[in-house]
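Asks: The primary structure of each chain is shown beneath.
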Amino acid sequence: MKRLLTILACASLAMTLATAASASTLDDVKKRGMLNCGANGQLPGFGIPDSQGNWTGLDVDLCRAVAAAVFNDPTKVKFVALTAKDRFTTLQSGDVDVLARNTTWTSSRDSQLGLNATAVNYYDGQGFMVRKDLKVNSALELNDATICVQQGTTTELNLADYFRANKMRLKTVTFLQLEEATSAYESGRCNAFTTDASQLYSVRLKLAKPDDHVVLPEIISKEPLAPFVRHGDDQWFDVVKWVHFAMVNAEELNVTKANVDEQVKSDNPEIKRLLGTEGNYGEQLGLTKDWVRRIVKNVGNYGEVFDRNVGQGSPLKITRGLNALWTKGGLQYAPPIR
Amino acid sequence: MTMGVESGPPKVPLLRDPKLRGLLIQILLCVALAGLVYYLVRAAAANLERSHMASGFGFWNQPAGFDISQTLIDYSSSASTYGRAFWIGLLNTLLVACIGIVLATIVGFLIGIGRLSSNWLVARLATGYVHLVRNVPLLLQLLFWYSMVLTALPDFRNSVHLPGGGFLNNKGLFLPAPELGGAGPMVSAAVLVGIAGAIALALAARRKWLDGRVAAGIGVLLVLGLPLAALLVGGGTLTIDYPQMSRFNIRGGMELLPELVALVAALVVYTGAFIAETVRAGIMAVPRGQSEAALALGLSRALTLRRVIIPQSMRVIIPPLTSQYLNLTKNSSLAVAIGYPDLVQIFTGTVLNQTGQAVEIVAITMAVYLAISLFTALLMNLYNARMALRER
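Protein chains in written order, with numbering that gives the first Met the number 0: chain S, 0 to 337; chain U, 0 to 391.
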């Protein structure tokens with residue numbers, strides 16, 4: 000009995016230690032020499048590996064920027080492909096340090112799930128895609144339609160809300176995987192497919208005849224997509240948040256991948272603070288003075304990342320819209336570095 | 000004299016008594032196990048607390064807010080709760096399991112007997128079926144059936160118009176539905192009572208308390224007459240709700256989803272192959288002399304099979320058949336791949352996602368599958384006890 004008690008005591012001690020070990024994510028990442036990043040894995044433009052296993056995407060580049068800031072090496076990231084369903088559990092359990100997987104920032108995710116949304120890196124909204132030959136011009140004409148939807152998102156809720164608010168009847172078919180949902184849509188099981196508009200464009204590209212399908216103009220929900228970190232580690236929360244802000248500030252100050260070495264010599268005080276030639280704002284975050292130079296040099300500013308992955312430089316050709324800088328009529332606005 | 004000397008077993012120190020020691024060890028083990036479980040639950044709760052995650056079952060009565068494609072009981076995305084969504088998922092799972100078990104048994108017996116047929120073609124076809132189906136993963140078969148169903152059926156605009164006002168297209172099968180007005184609940188109750196009465200009559204006839212033909216007559220009268228009487232008494236009017244084409248869809252009537260058809264087809268075909276092997280094993284376990292004797296008595300081949308071989312082979316068949324039924328029920332959770340709203344899809348999928356309470360929801364779902372499986376096993380064990388060889 001005594002022995003058993005000893006074993007129990009040891010086991011409980013071990014478990015307490017195991018759960019208390021993740022005191023500082025930044026220290027853990029530095030010690031590990033690698034950032035663990037939860038990404039989509041199936042969504043062109045946001046997170047997808049190519050045939051050689053090279054990941055690309057807007058969310059992917061956020062993780063690369065964090066790695067660049069910490070290690071000065073954007074390749075020190077291990078990407079983990081997560082489904083909509085298992086993403087939060089994986090972050091909560093500590094298997095990834097950042098969840099950058101086109102995840103909508105909502106109040107319940109901030110509070111109930113024990114997570115923190117860092118900063119919005121893409122302003123999205125839910126939309127619909129239909130076949131052109133249905134001759135539907137507005138989502139308000141979809142009364143009685145059957146709609147295919149992928150599970151594990153706020154999508155199902157928004158969909159039901161929208162139809163209820165507009166007094167339309169709805170039939171949904173809910174799938175676990177995106178592939179099955181889109182192929183059911185393509186086979187005619189559903190009249191429309193709904194998900195975030197950003198995703199609709201990439202899904203449309205993968206259909207057999209993309210030109211037979213059209214994305215309707217209505218956006219029925221606010222979907223601010225943000226990288227998430229665990230609640231309770233403020234330092235790490237600050238790092239991830241400010242990596243995004245640094246990229247937006249860099250775009251605003253016209254600091255690009257190509258000219259960053261030139262800009263270091265700039266006399267503009269804002270650029271000096273951004274690139275660490277004045278002040279020690281990087282060190283205050285637990286990083287180095289030249290953290291932004293590392294990010295922009297290795298990954299680029301927000302505008303470059305946007306264009307390369309989802310914008311005019313990509314097959315998706317999504318316009319900046321809400322994601323333009325605040326100076327250009329969009330919503331991307333970063334607090335100043337000072 | 001030896002009267003004063005104690006007979007009986009020699010005295011043993013208390014701790015060396017094997018009986019007592021065995022008992023003591025078992026008690027200790029149980030206490031340790033209970034302690035471990037208690038500790039794990041406490042630790043999980045504490046960890047959830049520490050990471051500021053919500054816990055408990057408060058979500059059960061919160062509004063669900065999402066839509067479900069097949070609901071056997073009333074449900075609306077605005078008014079119904081997560082708890083209601085759970086029951087809908089459970090009923091959908093049970094529906095698939097019940098239909099699947101009945102059909103898989105029929106398929107299994109036909110194929111199993113077919114494999115032993117003296118007809119060369121039938122036997123080879125049955126063998127080929129078993130080998131093909133048993134060796135391909137079920138998920139692949141499910142996806143195959145689903146795309147088969149969707150491709151084989153015409154799209155909405157080319158819907159097949161069925162005689163009597165039904166439609167068939169790749170959104171499903173739509174049939175006219177009887178509407179009972181206000182007498183609905185009464186009629187459903189009457190149907191249940193009628194069926195129960197008919198079963199009682201069948202049992203009575205089996206025990207020879209009643210003439211079989213009389214019992215059958217009264218049974219039919221009960222099943223048909225009672226609901227009709229209820230309808231008349233309840234003051235309802237029987238109207239037919241015909242499905243009608245709208246711009247994108249078919250409205251009204253009863254509908255059978257392609258997802259349900261594909262899921263049932265995949266489960267029946269797959270499980271049927273395993274049941275066929277069980278049946279074949281059972282039949283081959285009956286000594287050859289039994290069929291020879293039956294044939295010598297002048298029984299036909301069909302009668303020999305039905306009255307002599309199968310009843311004896313059932314003793315071998317039932318225990319593995321139970322496992323197949325359990326497999327079918329558990330495999331129905333693959334429904335999530337093709338969009339059929341079963342318990343896993345609704346509850347462990349959407350509800351888990353919206354509430355984020357993985358521990359509670361997964362625990363409930365596991366408990367439900369355990370309960371369904373134990374109940375099925377209980378029924379089959381009772382049946383097995385009835386069929387077992389009774390030594391007199």
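Note that these hints are calculated values from the structure, not bench results.
Be aware that a few hints might be false.
Stated by the list, open to error - For each label pair, taking beta carbons as the anchor points, the in silico distance ranges come out as:
1. 49(U) / 204(S): 51 to 57 Å
2. 72(U) / 94(S): 34 to 40 Å
3. 150(U) / 287(S): 54 to 60 Å
4. 202(U) / 207(S): 30 to 36 Å
Stated by the list, open to error - To list a few chain U residues with every Cβ distance to chain S over 12 Å, as calculated:
5. 204
6. 249
7. 353
By construction, the Cβ of each residue, glycine as well, lies at the ideal position given by its N, Cα and C atoms.
Asks: Honestly, do residue 150(U) and residue 287(S) meet the 54 to 60 Å range at C-beta?
Replies: With Cβ atoms ~58 Å apart, the hint holds.
Asks: May I ask you to test the hint 34 to 40 Å on the CB atoms belonging to residue 72(U) and residue 94(S)?
Replies: With a Cβ separation near 39 Å, residue 72(U) and residue 94(S) satisfy 34 to 40 Å, so the hint holds.
Asks: Confirm or reject the statement that residue 353(U) sits farther than 12 Å, beta carbon to beta carbon, from all of chain S.
Replies: violated (7 Å)
Asks: Holds or violated: is the Cβ of residue 204(U) farther than 12 Å from all Cβ atoms of chain S?
Replies: Holds: least Cβ distance 46 Å, greater than 12 Å.
Asks: Within 51 to 57 Å: is that where the Cβ-Cβ distance between residue 49(U) and residue 204(S) falls?
Replies: Since the Cβ atoms of residue 49(U) and residue 204(S) sit about 44 Å apart, the hinted range of 51 to 57 Å is violated.
Asks: Quick check for students: does the CB of residue 249(U) sit more than 12 Å from each CB in chain S?
Replies: violated (9 Å)
Asks: Within 30 to 36 Å: is that where the Cβ-Cβ distance between residue 202(U) and residue 207(S) falls?
Replies: violated (59 Å)
Consistency note: the structure conflicts with the earlier hints numbered 1, 4, 6 and 7.
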